[in-house]
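2 protein chains.
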Amino acid sequence: MSAYVRTFGEIPGYPEGWSPPTGKRAEIQRVGIHARNIAGISGTAAEGADAIVLNGGYPDDDDRGLVIIYTGHGGQDSKTKKQIADQDLKDPGNAALVKSQLDGLPVRVIRGSGEKSPYAPTNGYRYDGLYRVLRHWFKTRDDGFRVCQFLMVKIGSPYDVLDPEYPDSVTNEGALSTSESSIEPVHRTETTVYKANRRAGIVKKLKALHRNLCQVCGKAVNLPSGPSSEAAHIQAIGVPHNGPDVIENLLCLCPNDHLRFDNGAFYLTDNLEVVDTLGENPSYKLRTHPDHKIGIEYVRYHRSCWLK
Amino acid sequence: MSAYVRTFGEIPGYPEGWSPPTGKRAEIQRVGIHARNIAGISGTAAEGADAIVLNGGYPDDDDRGLVIIYTGHGGQDSKTKKQIADQDLKDPGNAALVKSQLDGLPVRVIRGSGEKSPYAPTNGYRYDGLYRVLRHWFKTRDDGFRVCQFLMVKIGSPYDVLDPEYPDSVTNEGALSTSESSIEPVHRTETTVYKANRRAGIVKKLKALHRNLCQVCGKAVNLPSGPSSEAAHIQAIGVPHNGPDVIENLLCLCPNDHLRFDNGAFYLTDNLEVVDTLGENPSYKLRTHPDHKIGIEYVRYHRSCWLK
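If you're matching them up, the sequences are chains A and B in order.
Using this note's numbering, you'd call the opening residue of the first sequence number 1 and step up by one each time.
Using this note's numbering, you'd call the opening residue of the second sequence number 1 and step up by one each time.
Pulled out of the complex, with its shape left as it was, chain A reads as follows (with noise of 0.2 Å):
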């Protein structure tokens, strides 16, 4: 069998919907939806999780159809299916699939009739196109043991929002009293946006090339599945300013100093230099990499949203 390439996103030629005629997993592993016969989650830690599959694995798995709470791997008797030990990050799977949700990158989901959800094919397994992973948590369960979940939702569906704690965002101003208590689940409202398209390819080069290590303070920010970090556009894409989105036009930072940087709290000289425009710190040598290069009409660009 030749070796698995591991690829993001709708493999060509099997869209969502697709089943394999045999109903068998070994063809889904065959023509690379999934790297694996056997385990749920497709992924290593250092790549992302690029698929997973629902087929009754754990009772802890929750099937919403657009919203999936799906369960990590790990912890099982392969002979008795029963739990008896805890879950945790050091399992790779786990670890990739948290990976993907740091990254932003999509998963292949994969029902299977072994699923106990309105939401399973009656036979086989069907390929249910792309979702994404908003965050994890560990869950202790009735019966002491504990496992780590996983919420997931189909890209381009309602609830393919970014996080909604980043950043702040309100549509109307509350009361400044905490006896307003609004002990209600936070109400949502539907509405049409227009959603960025970035490429996962560039992101994922260029915090491997740094290591996740922020290019200003030379930190990564340390999380549990591993060092983490931001691709920040130097040259703002969007409007009006419309950069590229090319690694050239990307620096690896910190979630604070990507903050900084979009702001105007410092910027880069043609020597790359890092210069504090409120003057707290001294100037210094920006982070660099070898293989990954800056693109000096950017930086001038930036500098010139901020500089005269």
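Just so you know, these hints were derived from the structure itself, not from any lab.
Among these hints, one or two may not hold up.
[What the hints assert, rightly or not] Part of the chain A face toward chain B, derived, beta carbon under 10 Å:
| no. | residue |
| --- | --- |
| 1 | L102 |
| 2 | L223 |
| 3 | N256 |
| 4 | D257 |
| 5 | L307 |
[To be verified] Where chain A lies over chain B, by a calculated footprint (3+ residues, C-beta under 8 Å):
| no. | stretch |
| --- | --- |
| 6 | 224-235 |
| 7 | 256-265 |
| 8 | 277-286 |
Please read these numbers as outputs of a predicted model, since none were measured by experiment.
The C-beta atom is built at its ideal place from N, Cα and C for all residues, glycine as well.
Keeping the supplied structure of chain A fixed, place chain B upon it in accordance with the hints.
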């Protein structure tokens, strides 16, 4: 004349489309839609901008209807209307619009017949609804002077997206090659989403009490417009956690610690000690404010998502 009460969002009785019958600015001020009689921006650096008027005051305005590039205030000779100095963020009106940007506050937009735009009314003024400030920057004009500009989008329109930079969001992976240069503007797809309605009042109160200092690391992210922070829910909002949008369920955090908190890099004990799950830092007491009570039930819920 009674004192102006700054209110954000819609003013009851004056819906989108309302025009003052007299056609005068004074009436707009009288009914509480805009604080000022002449100046374009209504607001303060501390509170944010609650309204703006587009009336041709600056030739750099670019009114595209649902999207407005609005010029800031300052540096203009009041008699000749010529620019004679640069604009900056010391100007209270400009600082107010940046505050609205960072806090996600809605800004009422009033168009006047003095504006040269297909969207301007033929006479007098018209209230055209709520807009959000997405970003700001400085433009150096042909005459060499520098003006502050604000990208504003109609709330609820397809352009009302959270900044696509936060966080990385991709729909499909591109090739890992810089030769795949797409030097066109980033494409956008139209899609329907559910957007969380969060209440601005508690965010403002939280940040004011803590002076934008992170309750975990003690630092604010300092921007030219002033210190910045984020309001993070302790028990996450949305499915399946369904935490309430109340101040007792919020922490004032810098972006880095917000990311760490939401992904289990630390948790809080019942005594509000910050415990690092990666063992990088010794435990210490969370910074608190006597007027910001933290709900212990939300702290426990968050902890249960990460600790057994």
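ask   = Taking 10 Å as the limit, does the beta-carbon of L223 of chain A come near enough to a beta-carbon in chain B?
value = At 5 Å from the nearest chain B Cβ, L223 of chain A passes the 10 Å test, so the hint holds.
ask   = Do at least three Cβ atoms from the stretch 224-235 of chain B come closer than 8 Å to Cβ atoms of chain A?
value = Per the Cβ count (7), the hint holds.
key: Interface hint outcome for L102 of chain A [beta carbon to chain B under 10 Å]   = 8 Å, holds
query = Is the shortest C-beta separation between D257 of chain A and chain B less than 10 Å?
reply = 9 Å, holds
key: Verdict on chain A covering the stretch 277-286 of chain B, where coverage means 3 or more residues with a C-beta closer than 8 Å   = holds (count 3)
message = Can you confirm whether chain A covers the stretch 256-265 of chain B, using C-beta to C-beta distances below 8 Å and requiring at least three such residues?
response = holds (count 8)
inquiry  = Let's test the interface hint: is any C-beta of chain B closer than 10 Å to that of N256 of chain A?
reply    = 5 Å, holds
key: Minimum beta-carbon distance criterion (10 Å), L307 of chain A to chain B   = 8 Å, holds
In this structure, none of the earlier numbered hints is contradicted; all agree with it.
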